[in-house]
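Asks: This is what each chain is made of:
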Amino acid sequence: MISEKLLNGALIAGLLLVVLHAHLTDAPFTITLATKVAILAVAGVGLNIALGLGGLVSLGHAAFFGIGGYAMGILASHAQSYVPLMQSPVLIEGTKSMPVIWLVALLASALAALLIGALSLRTSGVYFIMITLAFAQMFYYFAISWPAYGGEDGLSIYVRNGFPGLNTLDPIQYFLVCFGVLVLALLVSFRLRTSPFGLALNAARQSTARVQAIGQNPFRLRLTAFVISGAITGLAGALFADLNRFVSPTMFSWQTSGEIMVFVILGGVGRVMGPLAGAALFILLEHLLGGVSDYWHIYLGALLLGVVLFARGGLVGVLTEGRSGDD
Amino acid sequence: MTLLLFLEQVLNGLQSGVMLFLTAAGLTLVFGVMGLINLAHGSLYMIGAFAAAAIAAATGSFTLAIIAALTAAAAAGALVEMVVIRRLYTRDHLDQVLATFALILIFSEATRWVFGSFPLYLDIPDALSGSVRLPGGIEYPRYRLALIAVGLTLAAGLFFLISRTRLGIQIRAGESDREMIAALGVNISKLYTLVFALGAALAGFAGALVGAIQSVQVGMGEPVLILAFVVIVIGGIGSIKGALVGAVLVGLTDTLGGVLLPEALRLFMAPSDAAAVGSALASMLIYLLMAVVLIWRPHGLYGMRA
Amino acid sequence: MNFKSIGAALALAALCTSAGADGHGGKVKVGMITTLSGGGAGLGIDVRDGFMLAVKQANTDALEVVIEDDQRKPEIAVQLADKMIQSEKVDVLTGIIWSNLAMAVVPAATAQGKFYLSPNAGPSALAGKGCHPNYFNVAWQNDNLHEAAGAYAKSEGFKNSFILAPNYPAGQDALTGYKRQYGGALAGEVFTQLGQTDYAAEIAQIRASGADSVFFFLPGGMGISFLKQYADSGVEIPVIGPAFSFDQGILQAVGDAALGVKNTSQWNKDIDNPTNAAFVESFQAEYGRLPSLYASQGFDTANLLLSAMAKADVKDADAFRAALKAAEFDSTRGDFAFGDNHHPIQDIYVREVIQEGDVFTNKIIGTALSAHSDVYAADCNM
Numbered sequence: 033m034i035s036e037k038l039l040n041g042a043l044i045a046g047l048l049l050v051v052l053h054a055h056l057t058d059a060p061f062t063i064t065l066a067t068k069v070a071i072l073a074v075a076g077v078g079l080n081i082a083l084g085l086g087g088l089v090s091l092g093h094a095a096f097f098g099i100g101g102y103a104m105g106i107l108a109s110h111a112q113s114y115v116p117l118m119q120s121p122v123l124i125e126g127t128k129s130m131p132v133i134w135l136v137a138l139l140a141s142a143l144a145a146l147l148i149g150a151l152s153l154r155t156s157g158v159y160f161i162m163i164t165l166a167f168a169q170m171f172y173y174f175a176i177s178w179p180a181y182g183g184e185d186g187l188s189i190y191v192r193n194g195f196p197g198l199n200t201l202d203p204i205q206y207f208l209v210c211f212g213v214l215v216l217a218l219l220v221s222f223r224l225r226t227s228p229f230g231l232a233l234n235a236a237r238q239s240t241a242r243v244q245a246i247g248q249n250p251f252r253l254r255l256t257a258f259v260i261s262g263a264i265t266g267l268a269g270a271l272f273a274d275l276n277r278f279v280s281p282t283m284f285s286w287q288t289s290g291e292i293m294v295f296v297i298l299g300g301v302g303r304v305m306g307p308l309a310g311a312a313l314f315i316l317l318e319h320l321l322g323g324v325s326d327y328w329h330i331y332l333g334a335l336l337l338g339v340v341l342f343a344r345g346g347l348v349g350v351l352t353e354g355r356s357g358d359d
Numbered sequence: 271m272t273l274l275l276f277l278e279q280v281l282n283g284l285q286s287g288v289m290l291f292l293t294a295a296g297l298t299l300v301f302g303v304m305g306l307i308n309l310a311h312g313s314l315y316m317i318g319a320f321a322a323a324a325i326a327a328a329t330g331s332f333t334l335a336i337i338a339a340l341t342a343a344a345a346a347g348a349l350v351e352m353v354v355i356r357r358l359y360t361r362d363h364l365d366q367v368l369a370t371f372a373l374i375l376i377f378s379e380a381t382r383w384v385f386g387s388f389p390l391y392l393d394i395p396d397a398l399s400g401s402v403r404l405p406g407g408i409e410y411p412r413y414r415l416a417l418i419a420v421g422l423t424l425a426a427g428l429f430f431l432i433s434r435t436r437l438g439i440q441i442r443a444g445e446s447d448r449e450m451i452a453a454l455g456v457n458i459s460k461l462y463t464l465v466f467a468l469g470a471a472l473a474g475f476a477g478a479l480v481g482a483i484q485s486v487q488v489g490m491g492e493p494v495l496i497l498a499f500v501v502i503v504i505g506g507i508g509s510i511k512g513a514l515v516g517a518v519l520v521g522l523t524d525t526l527g528g529v530l531l532p533e534a535l536r537l538f539m540a541p542s543d544a545a546a547v548g549s550a551l552a553s554m555l556i557y558l559l560m561a562v563v564l565i566w567r568p569h570g571l572y573g574m575r576a
Numbered sequence: 002m003n004f005k006s007i008g009a010a011l012a013l014a015a016l017c018t019s020a021g022a023d024g025h026g027g028k029v030k031v032g033m034i035t036t037l038s039g040g041g042a043g044l045g046i047d048v049r050d051g052f053m054l055a056v057k058q059a060n061t062d063a064l065e066v067v068i069e070d071d072q073r074k075p076e077i078a079v080q081l082a083d084k085m086i087q088s089e090k091v092d093v094l095t096g097i098i099w100s101n102l103a104m105a106v107v108p109a110a111t112a113q114g115k116f117y118l119s120p121n122a123g124p125s126a127l128a129g130k131g132c133h134p135n136y137f138n139v140a141w142q143n144d145n146l147h148e149a150a151g152a153y154a155k156s157e158g159f160k161n162s163f164i165l166a167p168n169y170p171a172g173q174d175a176l177t178g179y180k181r182q183y184g185g186a187l188a189g190e191v192f193t194q195l196g197q198t199d200y201a202a203e204i205a206q207i208r209a210s211g212a213d214s215v216f217f218f219l220p221g222g223m224g225i226s227f228l229k230q231y232a233d234s235g236v237e238i239p240v241i242g243p244a245f246s247f248d249q250g251i252l253q254a255v256g257d258a259a260l261g262v263k264n265t266s267q268w269n270k271d272i273d274n275p276t277n278a279a280f281v282e283s284f285q286a287e288y289g290r291l292p293s294l295y296a297s298q299g300f301d302t303a304n305l306l307l308s309a310m311a312k313a314d315v316k317d318a319d320a321f322r323a324a325l326k327a328a329e330f331d332s333t334r335g336d337f338a339f340g341d342n343h344h345p346i347q348d349i350y351v352r353e354v355i356q357e358g359d360v361f362t363n364k365i366i367g368t369a370l371s372a373h374s375d376v377y378a379a380d381c382n383m
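Protein chains in written order, with my numbering: chain E, 33 to 359; chain G, 271 to 576; chain Y, 2 to 383.
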């Protein structure tokens, strides 16, 4: 039985130690995996704001993840080919600068979240799950069949985008960039939770009527949370595309939505560090089980099932409460 | 496009809508009665198709294959309900989503493990092969006509079941007040297993029927599942009537959109470009339909307020 | 069955034997990234099995193979490539089935000085401006089989084709490839949705179009669905397609509906040469099923690699590259050579689907294109 604070510290320290060890022993692929964990954790942190704080079960966060990815892909591919993105009425050029790309990714995915949220939040419960899934699917099919940016082939970027003062091609430096973003996202998520907005949102999750009674508009609260959530996941998408130097419609697929949700639930819904714990566990499992059998998805599925049925509260919940009782 | 061709496409849209209904009906029942979201419903569709293909290969009988599909899907449904789903009724939707997502992984890879990585063969029965000439001169495949007939008959049967039978009364009671029917002495866990198995059997039946003209392969259920979601959002959760109307709307929109949009674009584009752009836009149509319905009626055409 | 353990066993064998490697090449470590789970796993499994059969027959301790599953996800493929290059320190990469995965992996791998031997995908971008000295395609350029179908349609005197393919880059390339050699009028040109399973609407359009021939490119389950529905629709217009929808793996699922259909392929099990006969026989003996197109491509890829290893050390990149380019191995296809853009120059045949006992398979009925290269070669500056 350990306190959640201690566990959070241990998780962060653990990730850093793994990377440090990999750096010293010259194991760049381990650093790549750790970077992937950090990025997917950012995506999970984004979803966790909608899911844990707002109680909004979105099965369509792949839409934002993909939009962030394509923001990076489209801007960088234009910079790569020296073809402006748009010539009239104003000249817009591509860019290979990470901060600019991040900004665009944040804005574009926030805008998409605003539109999808405004429509989907008219409903709740099971409707909401299905509608968010369907909208993400719409982006997926569009990305596959729209020929301008590679369709199903996706877009390859030959050199990773730049961050002022860093060599992002060096695995450890890119890891630190992503780790920095993760820490920022965690801080945002943590502050949000204790802010008046977060408290009102939490109250809206438990009782819509109570929030209305004190003069707050629950729809607006939820929409704001959904937009923040989508924007953070979109940022993760841009980072993920930069990690692979590649973006494709699979980032939009419903499996991606499912996996982001799995990180959050594996780690523990609503726990600040849940997404990091979940992403780390998922990547570790994928890495280990993939070597056991061609049919490793069976084991993964069985494990997930076990977590849902018998380990409520996810990894963080189990470790902090010291019991794995089934209620 | 001639009127005749247009009518034939309407028939095609109707046929795909009716098959979609069979999958959506089971989903919407399970939602309505148990309040459960089941992502693995597509896997039951797949199980039906594989069971039918396996039995058809062994016996050569389409009738036996259909019976096998119904039995296998219903049995798988009942088993899953008793082992896993039952524990999820009291949980929130999030746990249900994750658990049934896990079930998809297990079902898909287990099917691949048992049946291999290549698609299986399932053909339509000889009695229903070939095409017939409809009044007006449309040449239409006999099997597709049969699918429309079977689908509509089943829809009528379901309406009867829900509105006229004892089971239907229990189902309706379960939808409106779960504690009450338990208090009235209905064995609720048996009822739930039964409803889940019924939904599974419908999905498996659809999988087998459609499998005969499509490809029986792992992963065939998920695209259908997502379409079924769209259908239910449009029709309204828990409503069989909504599922039927929604399914036919989706089938017609999908079929006619795919045909008409490229035609329309050809008026002001090169044929190749019109085909590509039209097809890209057509792929988004049903989601736009869903968005429009949602703005108009947030709880679907026939849904009750959640 | 876990093929990683075979890789490990080979590695162990390589460590235990102090004797030098065969020929005068050193040891070579190959990273195979292919699709072994989920939908589409059948193709990856065939490539792997064909490749490993050749490796087994070579019985050498100089070759170590590491195999990983990309799950048909490009992001995973990119990460596996990173892993193989960074951690496993492989010399050669191979195995990718899908063009979109190849586009994600190949440019980065060759830019890092690794060799890439493609056993299946051949996107046009890698054949033209994006060609690379270290990239060798052992299968075909993506357009090839479609061009052959166009050439065959032309030679048969078809003048009004209805053509259809899914709306994604490979589908668009397929229709372009067909039109390039066909040259006649089009009764219709339709893009379907990727993954579409119902073709009633398209078949109605075909029936109404007055076409004299139908060309389709619908790989995997899409092709199965189309052929079954087409056969049942009673439309009698002859159909032509590339081999992908008529492969050994999926023909059994199409059944009667495919009988008599003409399709184009660079390989078939009845190509008459000793290598091919031995390959077909030993593949059946090893795995208990008939080899597919993909298996033959995997087998040829491994033999190409082995032939280069016998002549040069992989550490001497220039010599190794020259040895690969020479392509001095016995291909299951008979004559095989690389063009200047490192894509095959080969014959492409017309096959017809037949039934042998219970099994549906193909037989060659003619040659569509002889010693055919690809149109992108002109754009390649190598």
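Among these hints, one or two may not hold up.
Stated by the list, open to error - Heads up, simulated EDC-like pairs for lysine to aspartate or glutamate below, C-alpha to C-alpha not over 16 Å straight-line:
id : chain 1 : residue 1 : chain 2 : residue 2
1  : Y       : Lys180    : G       : Asp543
2  : Y       : Lys90     : E       : Asp326
3  : Y       : Lys364    : Y       : Glu353
4  : Y       : Lys30     : Y       : Glu353
As the list claims (entries may be wrong) - One side only, chain E facing chain Y, incomplete, derived with CB under 7 Å:
id : residue
5  : Phe174
6  : Ile176
7  : Gly183
Calculated from the structure, these hints are not laboratory results.
Treat the numbers as computed from the prediction; the structure is a model and nothing was measured.
Ideal Cβ positions, reconstructed from N, Cα and C, are used throughout, including at glycine.
Asks: Each hint needs a verdict: does it hold in this structure or not?
Replies: Hint-by-hint comparison with the structure:
1. Of the supplied pair hints, the one linking Lys180 of chain Y and Asp543 of chain G holds, its CA atoms being roughly 15 Å apart against a limit of 16 Å.
2. Between Lys90 of chain Y and Asp326 of chain E the CA atoms are separated by roughly 23 Å; this puts the pair beyond 16 Å, and the hint is violated.
3. A hinted pair counts as satisfied when its Cα atoms are at most 16 Å apart, and Lys364 of chain Y with Glu353 of chain Y qualifies at roughly 5 Å.
4. The straight-line distance between the Cα atoms of Lys30 of chain Y and Glu353 of chain Y is roughly 39 Å, outside the 16 Å bound, and the hint therefore fails.
5. With 7 Å as the threshold, the beta carbon of Phe174 of chain E stays out of range of chain Y, its nearest partner Cβ sitting at about 11 Å, so the hint is violated.
6. The closest approach between the C-beta of Ile176 of chain E and any C-beta of chain Y is roughly 5 Å, which is under the 7 Å cut-off, so the hint is satisfied.
7. Hint status for Gly183 of chain E: holds, given a least beta-carbon distance of 5 Å to chain Y, under 7 Å.
When held up to the earlier numbered hints, the structure conflicts with 2, 4, 5 and fits the remainder.
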